[in-house]
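Please build the complete structure, drawing on both the sequences and the hints.
Line order of the protein sequences matches chains D and F. Quick note: to get the numbering used here, add 146 to the position in the first sequence (first position is 1). Quick note: to get the numbering used here, add 533 to the position in the second sequence (first position is 1).
No lab work stands behind these hints, which were simulated from the structure alone. Treat the hints with care, since some could be wrong.
[Stated by the list, open to error] No farther apart than 25 Å at their CA atoms in a straight line, the calculated lysine to any residue pairs in the SDA-like style are these:
#: 1; chain 1: F; residue 1: K732; chain 2: F; residue 2: L709
#: 2; chain 1: D; residue 1: K566; chain 2: D; residue 2: T663
#: 3; chain 1: F; residue 1: K648; chain 2: D; residue 2: A461
#: 4; chain 1: F; residue 1: K732; chain 2: F; residue 2: I683
#: 5; chain 1: F; residue 1: K636; chain 2: D; residue 2: L700
#: 6; chain 1: F; residue 1: K636; chain 2: D; residue 2: L508
#: 7; chain 1: F; residue 1: K582; chain 2: D; residue 2: P241
#: 8; chain 1: D; residue 1: K661; chain 2: D; residue 2: A461
#: 9; chain 1: F; residue 1: K636; chain 2: D; residue 2: S626
#: 10; chain 1: F; residue 1: K636; chain 2: D; residue 2: Y715
#: 11; chain 1: F; residue 1: K636; chain 2: D; residue 2: F707
#: 12; chain 1: F; residue 1: K688; chain 2: D; residue 2: T356
#: 13; chain 1: F; residue 1: K582; chain 2: F; residue 2: K688
#: 14; chain 1: F; residue 1: K636; chain 2: D; residue 2: G592
#: 15; chain 1: F; residue 1: K636; chain 2: D; residue 2: K566
#: 16; chain 1: F; residue 1: K648; chain 2: D; residue 2: G712
#: 17; chain 1: F; residue 1: K636; chain 2: D; residue 2: E358
#: 18; chain 1: F; residue 1: K732; chain 2: D; residue 2: G691
[Claimed, not checked] Calculated from the model, a selection of chain F residues having no Cβ within reach of chain D, i.e. all distances over 10 Å:
#: 19; residue: P657
#: 20; residue: H691
#: 21; residue: K732
Keep in mind that this is a model prediction, so the values were computed, not measured. Even for Gly, the Cβ is constructed at its ideal location relative to N, Cα and C.
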Amino acid sequence: MTFIGWVQIALFCAVIIAITRPLGGYLTALASGTRTFLSPVLGPVERGIYAMAGIRADAEQGWVGYASAMLVFKLLCFLAAYAMLRLQAGLPLNPMGQSALTPDLAYNTAVSFLTNTNWQSYGGESTMSNASQMVALTVQNFVSAAAGIAIAMAFVRGFARRSAATIGNFWVDLTRITLYGLLPICIVFTLFLVWQGVPQTLGAYVDATTLEGATQSIALGPVASQEAIKMLGTNGGGFFNANSAHPFENPTALVDYLQIISIFALGAALTNMFGRMVGNERQGWAIFAAMGVLFLAGVSVLYWSEAHANPLLTALGMDGSLGNMEGKELRFGIAQTALFSTVTTDASCGAVNAMIESFLPLGGMVPMINIMLGEIIFGGVGSGLYGFLLFAIVAVFVAGLMVGRTPEYLGKKIEAREIKMTMLAILCLPLVMLGFTAIAVVVDAGTSALSTSGPHGFSEALYAYVSAAGNNGSAFAGISANTPFWNTTLGIGMMVGRFFVIIPALAIAGAMARKKTVPASAGTFPTDGPMFVALAVGVILIVGGLTFFPALALGPIVEHFALAAGTVY
Amino acid sequence: MVSHFRPAFVMIVVMTIITGIAYPLAMTGIAGAIFPDQAAGSLISRGGKTVGSSLIGQNFTTPNYFHPRPSATTADPADASKTVPAPYNAANSSGSNLGPTSKALVDRVRDDVAKLRAENPNLPVPGDLVTSSASGLDPHISPQAAAFQIPQVAKARHLSEDAVAALVSANTEAPLLGLLGENRVNVLMLNLALDAASK
Numbered sequence: 147m148t149f150i151g152w153v154q155i156a157l158f159c160a161v162i163i164a165i166t167r168p169l170g171g172y173l174t175a176l177a178s179g180t181r182t183f184l185s186p187v188l189g190p191v192e193r194g195i196y197a198m199a200g201i202r203a204d205a206e207q208g209w210v211g212y213a214s215a216m217l218v219f220k221l222l223c224f225l226a227a228y229a230m231l232r233l234q235a236g237l238p239l240n241p242m243g244q245s246a247l248t249p250d251l252a253y254n255t256a257v258s259f260l261t262n263t264n265w266q267s268y269g270g271e272s273t274m275s276n277a278s279q280m281v282a283l284t285v286q287n288f289v290s291a292a293a294g295i296a297i298a299m300a301f302v303r304g305f306a307r308r309s310a311a312t313i314g315n316f317w318v319d320l321t322r323i324t325l326y327g328l329l330p331i332c333i334v335f336t337l338f339l340v341w342q343g344v345p346q347t348l349g350a351y352v353d354a355t356t357l358e359g360a361t362q363s364i365a366l367g368p369v370a371s372q373e374a375i376k377m378l379g380t381n382g383g384g385f386f387n388a389n390s391a392h393p394f395e396n397p398t399a400l401v402d403y404l405q406i407i408s409i410f411a412l413g414a415a416l417t418n419m420f421g422r423m424v425g426n427e428r429q430g431w432a433i434f435a436a437m438g439v440l441f442l443a444g445v446s447v448l449y450w451s452e453a454h455a456n457p458l459l460t461a462l463g464m465d466g467s468l469g470n471m472e473g474k475e476l477r478f479g480i481a482q483t484a485l486f487s488t489v490t491t492d493a494s495c496g497a498v499n500a501m502i503e504s505f506l507p508l509g510g511m512v513p514m515i516n517i518m519l520g521e522i523i524f525g526g527v528g529s530g531l532y533g534f535l536l537f538a539i540v541a542v543f544v545a546g547l548m549v550g551r552t553p554e555y556l557g558k559k560i561e562a563r564e565i566k567m568t569m570l571a572i573l574c575l576p577l578v579m580l581g582f583t584a585i586a587v588v589v590d591a592g593t594s595a596l597s598t599s600g601p602h603g604f605s606e607a608l609y610a611y612v613s614a615a616g617n618n619g620s621a622f623a624g625i626s627a628n629t630p631f632w633n634t635t636l637g638i639g640m641m642v643g644r645f646f647v648i649i650p651a652l653a654i655a656g657a658m659a660r661k662k663t664v665p666a667s668a669g670t671f672p673t674d675g676p677m678f679v680a681l682a683v684g685v686i687l688i689v690g691g692l693t694f695f696p697a698l699a700l701g702p703i704v705e706h707f708a709l710a711a712g713t714v715y
Numbered sequence: 534m535v536s537h538f539r540p541a542f543v544m545i546v547v548m549t550i551i552t553g554i555a556y557p558l559a560m561t562g563i564a565g566a567i568f569p570d571q572a573a574g575s576l577i578s579r580g581g582k583t584v585g586s587s588l589i590g591q592n593f594t595t596p597n598y599f600h601p602r603p604s605a606t607t608a609d610p611a612d613a614s615k616t617v618p619a620p621y622n623a624a625n626s627s628g629s630n631l632g633p634t635s636k637a638l639v640d641r642v643r644d645d646v647a648k649l650r651a652e653n654p655n656l657p658v659p660g661d662l663v664t665s666s667a668s669g670l671d672p673h674i675s676p677q678a679a680a681f682q683i684p685q686v687a688k689a690r691h692l693s694e695d696a697v698a699a700l701v702s703a704n705t706e707a708p709l710l711g712l713l714g715e716n717r718v719n720v721l722m723l724n725l726a727l728d729a730a731s732k
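Here you go:
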C-alpha cells in the first residue's frame, strides 16, 4: 500500500461527496416533473413520446398500476432483446459475420441486461454483432437503469406523501430519466472516452501485421457509446470479454478513475434526492454515511489484500513489490484496481478492471460480501436506494422492539404488513444464492462448468449465483457458464433477485403513501443521526452477513488457510 | 394490464430508436470527425502498413525485442480449427482466471521464473513479467521489467546497454499529475523506437 494509493481513494471520496448534492437536486427535479435547463430542447421530444404512447403525463398510478406497467414493459424488453440476439446473423451491422445466439444463451443474455445484471455467459467480441451491441444491449442498458431509478423515485414518493393513492407514473419517470438524465451525461462521457482512446466505429476488425510478422486481428466497434451507459447505469456488461480491463474499454488511468466515479455518481445522488423529497436532506446524508462506512471497510481490506504478492509465487523467486499482479493491468495500479473492484460490487455494476477470480482469497471475498449484503452500498442506480431503505425499515423495527414502541420511519408507522414485505424482499436473495449453489456443486451439470476443484471451485459457483441474484454481473470468470444448466438457473436467479425485491418494495411504497404522517415526538427514534447510521450498518451486517458466513467459510476462508499452508489444487 | 401494452410497445420502439440507433450513430459520426485516430482504434502504421494499435499489446518472442507480460488469450473458442494457444489475440480478450491456489498458476510461474533467471541472473524477476494481465492485451510493462530485459536486447541488437536504456527511459510514462496510474513502458512503442534506432 502506498501513500499515493490512499490519496487516490481519498480524492475519490471527496469527488463523490461533492457531486452528491448538485446531482441529487437535478434528480429531484426529474422526479417532481419540474422544468430543467434541457426542457427547451427535449420538452417537445418528451411530449411527442407521450402523445404516441397515449400517456397522460398528469395521470398517476397506484402501486399495482406502477408495478404492472413496469412488468409489461420488461416483458416486451425481453422479447425485443431475445429476438435481436436470435436473428443477428441475418441483420445489418454484422461485419464479422457473427452467428445467432443459442436459445439458452439469448434467454440468459436478454434477462441479464433487462434486470440490470449484465452477467455475460459469452465473450463480446467473439459473439455479438455491432447491431446487437447497439440495439439489444445498449438500449437495455439505458432502460433498465432508468427503470431502476424510476422505482426508487416511486418508493421515495411513498414516504414523502401522506394519504395519497398514487406513487407516480412509470412511463413518465422512465422517459424523463432517460431523456434528461442518462442520455445527456452519456453523450458528454462518450466523447471524453473517445478522446482518451476508446474506439467508436462501425467497421470490421482490423488486421495488423505485427513487428515480428504475425497477424493480429484487432476487434473494434461502437465501444465508447456503450461504455458510457454501462458505467453510469451500473449495468457493467462489457463490449469485450475482458470488460473494463480491456485497453479499448479502459485505455488510461484517468478513464479508469472516471469510470469508478460514474458507477457511484447516481447511486450517491439518489440518497440526496431521497432527503430532499422527504423534506430533510440530513435523512439522505445519514443513508450516505451508512453506505460510506461499508464502502471504506471494503476498499481498505481489498487494497490491503492485493498489495501483497501471492506467497506461493514469491517463494519461487518472483519479486513481489508490485503486489498480486496475476489478472491485473499494469496501467491502473493496485489502489485503483482495489477501488474499482470494491465500487463495482458495492454498486450492482459488475464491470471489472481486473479478474476477481485471481485475487488472493480474502481480496476475492470482499466483492462477494459486498454483493451478499444486498447491493445496498450506494448500489445499482435506484435499486441501491430502495434496497437500503428496506434495511432501514428493519433497523427502525429493531429499534422499536428495543424500546417497546410502534416503529416509525419518517413519520410513517411501520406495521406488520410492511415488515412481512420487507423480509420477503430481503430473504429471497439468500434463498436463490445459496439454494442454487447447493444444487450446482452436487450435480454434474453444475460442477462440469467449474475451472478448478477445491474451495476455489466452490467460490466460483457461489460467486456466480451471488452475482446473478444480486444483479451484479461480475464473475469468478474462469467458469464456463454458457451451458443450458447454468444459463437457465442463472437467468432464474437474476429475475428473482430483481422482481422479488421490486414488487414487495412497490407494495410497501403504496402502503406508505396511503398512511398519515405522525408528528415527531420525544419518543421518536431519530433517523438522521449517528445512532441510526450505526444501527443500520449493524442490521445490514447481521441480517445480510451472517446468512452467508457458512458459505464463505467453505470458500474463500478455507482457501485463505490453504494458501497459508501451501496447498494447491 | 392490457392497457399497458400500447405505452410499453411505443416506449420500447422509441427508446430503441433514440438510445440504440440515433445515439450510437451520432456518437460515431461526431467522434470520427473530432477524434478520427482514437475512434478508429489508435492504429499505428509503419511504411504504409498497419502494425498494431498503441493501446493493444502484441506478442514478441525474439531476443531482438522487449517482451510483454504473459497473455492468457486463446484462439476463438467458437472456431475449432484454431486450437493452438494464441497470446495477444486482440479478437478474444481474456485473463487466465487462475486462482491464488491454482497448481497451473504455480507451475507456469515456476517455469517462467527459471527462464528469466537464465536470461538475466543479476536482477530480481519482476512480478509483472511472470503474471498474465486481466485482458491478455496489456500494452505495458513496468520500468523494472524493461530494465531487466535491457542486457539481452542490447546484446541481440549489438547496441550499448546505455543506448537501449536511453530508449527505455524515453518511452517510460509517469502517472498523470503524479497521482493517477503507474510508471509504465509501452512495449510496442519501445520496440518501434528500437527498430528506428537500429536502422
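To see whether the hints hold, each was checked on the structure:
1. The hinted pair formed by F:K732 and F:L709 fails the criterion: a straight-line CA distance of about 33 Å is larger than 25 Å.
2. The straight-line distance between the Cα atoms of D:K566 and D:T663 is roughly 21 Å, inside the 25 Å bound, and the hint therefore holds.
3. Only pairs whose Cα atoms come within 25 Å are accepted, and F:K648 paired with D:A461 is accepted, the gap being roughly 16 Å.
4. With a C-alpha separation of about 18 Å, the suggested pairing of F:K732 with F:I683 holds against the 25 Å cut-off.
5. Using a Cα cut-off of 25 Å, the hinted pair F:K636 and D:L700 holds, with the two alpha carbons roughly 19 Å apart.
6. Proposed proximity of F:K636 and D:L508 is supported: the alpha carbons are some 19 Å apart, at most 25 Å.
7. Pair hint F:K582 plus D:P241 holds up; C-alpha atoms about 22 Å apart against a cutoff of 25 Å.
8. For the hint pairing D:K661 with D:A461, the CA-to-CA distance comes to about 65 Å; that exceeds 25 Å, so the pair is violated.
9. For the proposed pair F:K636 and D:S626, the alpha carbon gap of about 19 Å is at most 25 Å, so the pair holds.
10. Restraint check for F:K636 and D:Y715: the C-alpha separation of about 5 Å stays at or below 25 Å, so the hint holds.
11. For the hint pairing F:K636 with D:F707, the CA-to-CA distance comes to about 16 Å; that is within 25 Å, so the pair holds.
12. Of the pairs offered as hints, the one joining F:K688 and D:T356 holds, with about 22 Å between alpha carbons and a cut-off of 25 Å not exceeded.
13. For a cut-off of 25 Å, the pair hint linking F:K582 to F:K688 is broken: about 28 Å separates their Cα positions.
14. At most 25 Å may separate the alpha-carbon atoms for a hinted pair to count; F:K636 and D:G592 meet this at roughly 22 Å.
15. Between F:K636 and D:K566, the direct Cα distance comes to roughly 48 Å. Violation of the 25 Å bound is thereby established for this hinted pair.
16. Distance restraint check for F:K648 and D:G712: the Cα-Cα separation of roughly 23 Å lies within the 25 Å cut-off, and the hinted pair is therefore satisfied.
17. As the CA atoms of F:K636 and D:E358 are separated by approximately 32 Å, the hinted pair breaks the 25 Å bound.
18. As the CA atoms of F:K732 and D:G691 are separated by approximately 63 Å, the hinted pair breaks the 25 Å bound.
19. Under the 10 Å C-beta cut-off, the non-interface status given to F:P657 relative to chain D is violated; the minimum distance is some 4 Å.
20. No Cβ of chain D approaches the Cβ of F:H691 within 10 Å, the least distance being about 18 Å, so the stated non-interface status holds.
21. With a minimum CB-CB distance of about 13 Å to chain D, F:K732 clears the 10 Å threshold, and the non-interface call stands.
The structure does not agree with the numbered hints 1, 8, 13, 15, 17, 18, 19 stated previously, though it agrees with the rest.
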